[in-house]
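Participant: From first to last, the protein sequence lines are chains A and B. Per the working numbering, the very first residue in the first sequence carries number 1; after that it's consecutive. Per the working numbering, the very first residue in the second sequence carries number 1; after that it's consecutive.
Don't read these hints as lab results, they were simulated from the structure. Even glycine gets a Cβ: it sits at the ideal position worked out from N, Cα and C. Among the hints, a few may not be true.
As the list claims (entries may be wrong) - Have a look at the derived ranges for each label pair, beta carbon to beta carbon:
{"no.": "1", "chain 1": "B", "residue 1": "T226", "chain 2": "A", "residue 2": "P46", "range": "25 to 31 Å"}
{"no.": "2", "chain 1": "A", "residue 1": "E267", "chain 2": "B", "residue 2": "H55", "range": "46 to 52 Å"}
{"no.": "3", "chain 1": "B", "residue 1": "N215", "chain 2": "A", "residue 2": "K44", "range": "34 to 40 Å"}
As a plain string of letters, each chain reads:
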Amino acid sequence: MAELKPTRDGFGEGLLELGRTNPNVVALSGDLEDSTRAIWFKQKYPERFFSVGIAEQDMVGTAAGLALMGKIPFACSFSEFVTGKALEQVRLAVCYQKLPVKIAGSHGGLSVGADGATAEALEELAHMRSLPNMTVLVPCDALEAKKATLAAAKHAGPVFLRLGRNAVPIITRLEDPFVIGEAKTLREGSDVSLIACGIMVAHALSAAALLAKEGIDARVINLHTLKPIDKSTILKAARETGALVTAEEHSVLGGLGSAVAEVVVQEHPVPMRFVGVMDRFGTSGDPGDLLKAFHLMPEDITQAARDVLRLKKNAVGSRL
Amino acid sequence: MRPDLTTLRRLAVEIRKTILQTIAKAGSGHPGGSLSMVELLIGLYWYTLRHDPNHPAWPERDVFLLSKGHGCPCLYTVLAYQGYFPKDELMTLRHYPTRLQGHPEKNSPPGVEIASGSLGQGLSMANGIALADRLDGRTRRIFCLLGDGEAQEGQVWEAAMTAHHHRLDRVCAIVDANGLQQNGPVKELKDLEPLPEKWRAFGWHAMEIDGHDLNQVMDAYDEAETITGKPQVVVARTVKGKGVSFMEHNPAWHGMAPKPDELERALKELDAQAV
Chain A
1 MAELKPTRDG FGEGLLELGR TNPNVVALSG DLEDSTRAIW FKQKYPERFF SVGIAEQDMV
61 GTAAGLALMG KIPFACSFSE FVTGKALEQV RLAVCYQKLP VKIAGSHGGL SVGADGATAE
121 ALEELAHMRS LPNMTVLVPC DALEAKKATL AAAKHAGPVF LRLGRNAVPI ITRLEDPFVI
181 GEAKTLREGS DVSLIACGIM VAHALSAAAL LAKEGIDARV INLHTLKPID KSTILKAARE
241 TGALVTAEEH SVLGGLGSAV AEVVVQEHPV PMRFVGVMDR FGTSGDPGDL LKAFHLMPED
301 ITQAARDVLR LKKNAVGSRL
Chain B
1 MRPDLTTLRR LAVEIRKTIL QTIAKAGSGH PGGSLSMVEL LIGLYWYTLR HDPNHPAWPE
61 RDVFLLSKGH GCPCLYTVLA YQGYFPKDEL MTLRHYPTRL QGHPEKNSPP GVEIASGSLG
121 QGLSMANGIA LADRLDGRTR RIFCLLGDGE AQEGQVWEAA MTAHHHRLDR VCAIVDANGL
181 QQNGPVKELK DLEPLPEKWR AFGWHAMEID GHDLNQVMDA YDEAETITGK PQVVVARTVK
241 GKGVSFMEHN PAWHGMAPKP DELERALKEL DAQAV
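Turn these sequences into a full structure, and let the hints guide you.
Facilitator: Encoded structure:
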């Protein structure tokens with residue numbers, strides 16, 4: 001049984017390690033340091049932690065000011081609040097000015113659970129992805145989240161780091177390298193490619209196991225970096241498997257699926273299916289129930305795979 | 001030591017003329033709000049600011065942030081007159097390709113500290129600089145110029161709370177309170193008065209001055225320097241379009257370039273003020 005740990009914890013540990021190793025790293029919070037785990041940094045390095053209270057626009061602007069003077073600020077909040085309320089500040093103060101501000105957005109996706117729609121960020125990957133100079137990272141487990149946090153600090157420009165609330169299985173290994181922009185093929189396959197990020201990577205691996213029982217050989221790719229996107233791994237999958245399923249804990253509009261489609265459609269169009277939230281808001285509930293109700297389970301990925309294989313077959317058939 | 005007032009007044013006339021010439025050449029820009037902030041910037045760049053045009057990145061320099069980014073024709077003119085870049089580059093305002101963007105881009109050219117234009121953002125950045133300075137042991141001053149209309153943006157007050165909470169006494173805000181915004185008087189669109197009292201309620205040391213009286217401007221900057229433990233704000237009562245009779249108090253000149261005949265009339269009026 002894999003160890004369960006939230007990606008926000010991986011972030012918290014990464015930030016703490018940065019506090020120890022990099023004197024320029026500072027952190028800001030809008031009264032969510034406990035939830036985002038920035039509180040561990042706050043407790044150890046109080047002089048480098050700044051509270052701005054419940055004021056996300058101010059937090060991002062203040063982070064920009066710190067970055068102007070050589071600091072590497074992590075601005076921490078719920079993913080929805082910092083990307084939503086402060087989109088304009090992320091755009092101008094951070095991205096347009098190309099500053100090394102790292103936006104750590106916790107509680108991304110449905111697995112926020114009982115708090116409901118207002119806290120369940122389901123569009124923020126689309127928003128962050130659209131900003132020039134932004135790097136968008138969606139780690140799949142706590143180990144990867146810690147590595148992503150360390151990589152974010154090293155990266156010269158703006159970074160958005162999407163983290164989750166719930167304990168999820170650790171599916172990567174300590175020795176696996178993490179490089180921004182380099183997707184990981186976790187399982188080779190030739191019939192269909194399952195491209196996922198965040199918690200959906202584990203679901204994609206489960207889906208691949210289920211598909212194998214039906215004689216379908218699925219490739220599984222962890223696309224932890226939505227931007228800059230790993231075109232070559234995606235195109236290789238399109239060329240070699242001819243059918244793609246994307247899976248994200250996010251709207252099907254504008255996130256991982258769209259990012260992959262943008263690459264594929266222009267270079268090597270193949271049938272695709274998007275597993276994600278179907279353009280609706282979240283709701284309150286137990287995270288497990290919500291993932292089922294919103295069709296984000298391994299079974300939803302396997303069904304999408306069968307659908308896309310049917311399309312692939314038809315496409316091949318129509319060329320004969 | 002204060003510079004000679006007559007010299008500064010003549011300088012103000014020249015700066016106003018240049019501002020209008022650059023906007024007229026560009027065919028667009030914001031004359032009203034650029035003209036209202038002239039004395040406020042003269043007081044900074046010719047008196048208060050510790051800065052060096054030959055070393056725009058001097059780490060100990062006092063920092064000026066233009067939060068009301070549309071006033072950049074004034075900032076660019078001031079920087080050029082100070083020697084940050086050649087004066088003849090001023091006529092490239094808003095022309096592609098140019099360093100003189102319609103709303104400022106960071107370091108474009110050096111001397112421009114931040115990007116702005118989307119209102120309400122500068123004061124937060126000023127606070128961030130102040131927090132970094134505290135970590136690094138710098139005591140230089142940080143000035144941030146805002147518009148009064150701009151102070152309708154909630155982020156300004158978030159930043160005001162932050163500066164108070166963290167006792168950022170090296171931050172001095174300046175409000176170019178010309179009483180007008182794009183679609184009319186501030187009083188009619190969203191009244192901000194009593195403005196100095198609002199800042200005081202947020203824990204700031206607030207001063208209220210005639211923003212075109214250079215003595216009052218320099219006095220205020222001097223007074224701000226003496227305040228410890230709280231940030232300072234200079235609420236400068238100014239006239240939008242100051243210096244040109246048909247632009248003064250006229251919202252139409254918020255974002256409209258003068259046509260050639262209007263420019264000629266304006267320059268004549270300003271020349272008459274130079275004596």
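Participant: Any hints this thing doesn't respect? Which numbers, in order?
Facilitator: 3
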